[in-house]
Amino acid sequence: MSDDPEEERRLMFGMLFSLKEVVARFSPTGSDNLHVMKTSNFILHHFQSLTGFVFVINTKADVPDLYANLQHIYSNIFIEYVAKNPLYHFNGEDPIDNPLFATKVEEYLMSLPVP
Amino acid sequence: YYQLFIINRNGGLVYSKSLAPTAPALSTNDSLRLGSTFHGLHAIAQQIAPIVSGGIERLETETFILQCFQTLTGVKFVVTAAPGTPDLDALLRGIYEVYSDYVLK
Chain W
1 MSDDPEEERR LMFGMLFSLK EVVARFSPTG SDNLHVMKTS NFILHHFQSL TGFVFVINTK
61 ADVPDLYANL QHIYSNIFIE YVAKNPLYHF NGEDPIDNPL FATKVEEYLM SLPVP
Chain C
1 YYQLFIINRN GGLVYSKSLA PTAPALSTND SLRLGSTFHG LHAIAQQIAP IVSGGIERLE
61 TETFILQCFQ TLTGVKFVVT AAPGTPDLDA LLRGIYEVYS DYVLK
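Those protein sequence lines, which keep their order, are chains W and C. Heads up: the first sequence begins at 1 in the working numbering, then just goes up one per residue. Heads up: the second sequence begins at 1 in the working numbering, then just goes up one per residue.
It should be emphasised that the hints constitute simulated quantities derived from the structure, not laboratory data. Watch out, some of these pointers could steer you wrong.
What the hints assert, rightly or not - Partial selection, computed: residues in chain C whose CB lies under 8 Å from chain W: (1) Thr-22; (2) Ala-23; (3) Phe-38; (4) Ala-49; (5) Ser-53; (6) Gly-55; (7) Glu-57; (8) Thr-80.
Treat the numbers as computed from the prediction; the structure is a model and nothing was measured. Where a beta carbon is used, it is the ideal one built from N, C-alpha and C, also for glycine.
Please work from the sequences and hints to get the whole structure.
Below you can see the structure in the form of structure tokens.
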């Protein structure tokens, strides 16, 4: 369903929010670290940093757990190119408008042995 | 295994059972709310999918796995278990069989 991308983004955000609450309730320890959500046709990989940033990738159903890869994107790419960049002001609210960051993420994703 | 839930086609919880002493203790209210929330999320997942897809089948987190089996009539069988527990799908299909034998007939 590719209607309004803005609508899709809002649905995704709402779903993730409720999903994390559900996960926290079901968990025997109360933690809400969601790794993967699978449906019959696609997989949603999820990672949340300690500072609250959420990284999500949607893939085809035959891809294994990308949790470690999301972690890598966070600590090696996001931190390096966005957070540590003295020339780029990231206030956590606006979309990330850093072309170098976008290129690096794409490079990394292309280099993974994933269909 | 931690818990079993059965949710009807309207999202209402019809059965819930704790399968282990380590499972989180849920009040009746909590279980009912969880049942309908999950029903809603299952549907949303189907909608935001980048390609045509069914609803949520499986959730994997650091501390547990949740497997969902939806029948053709819209009833959902949901089980939570420790990470690495195998054959959850087969388990749910078996429970569905027992359900149709004893509950529906």
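Against the structure, the hints:
{"no.": "1", "hint": "Thr-22", "verdict": "holds (5 Å)"}
{"no.": "2", "hint": "Ala-23", "verdict": "holds (6 Å)"}
{"no.": "3", "hint": "Phe-38", "verdict": "holds (6 Å)"}
{"no.": "4", "hint": "Ala-49", "verdict": "holds (6 Å)"}
{"no.": "5", "hint": "Ser-53", "verdict": "holds (4 Å)"}
{"no.": "6", "hint": "Gly-55", "verdict": "holds (6 Å)"}
{"no.": "7", "hint": "Glu-57", "verdict": "holds (5 Å)"}
{"no.": "8", "hint": "Thr-80", "verdict": "holds (5 Å)"}
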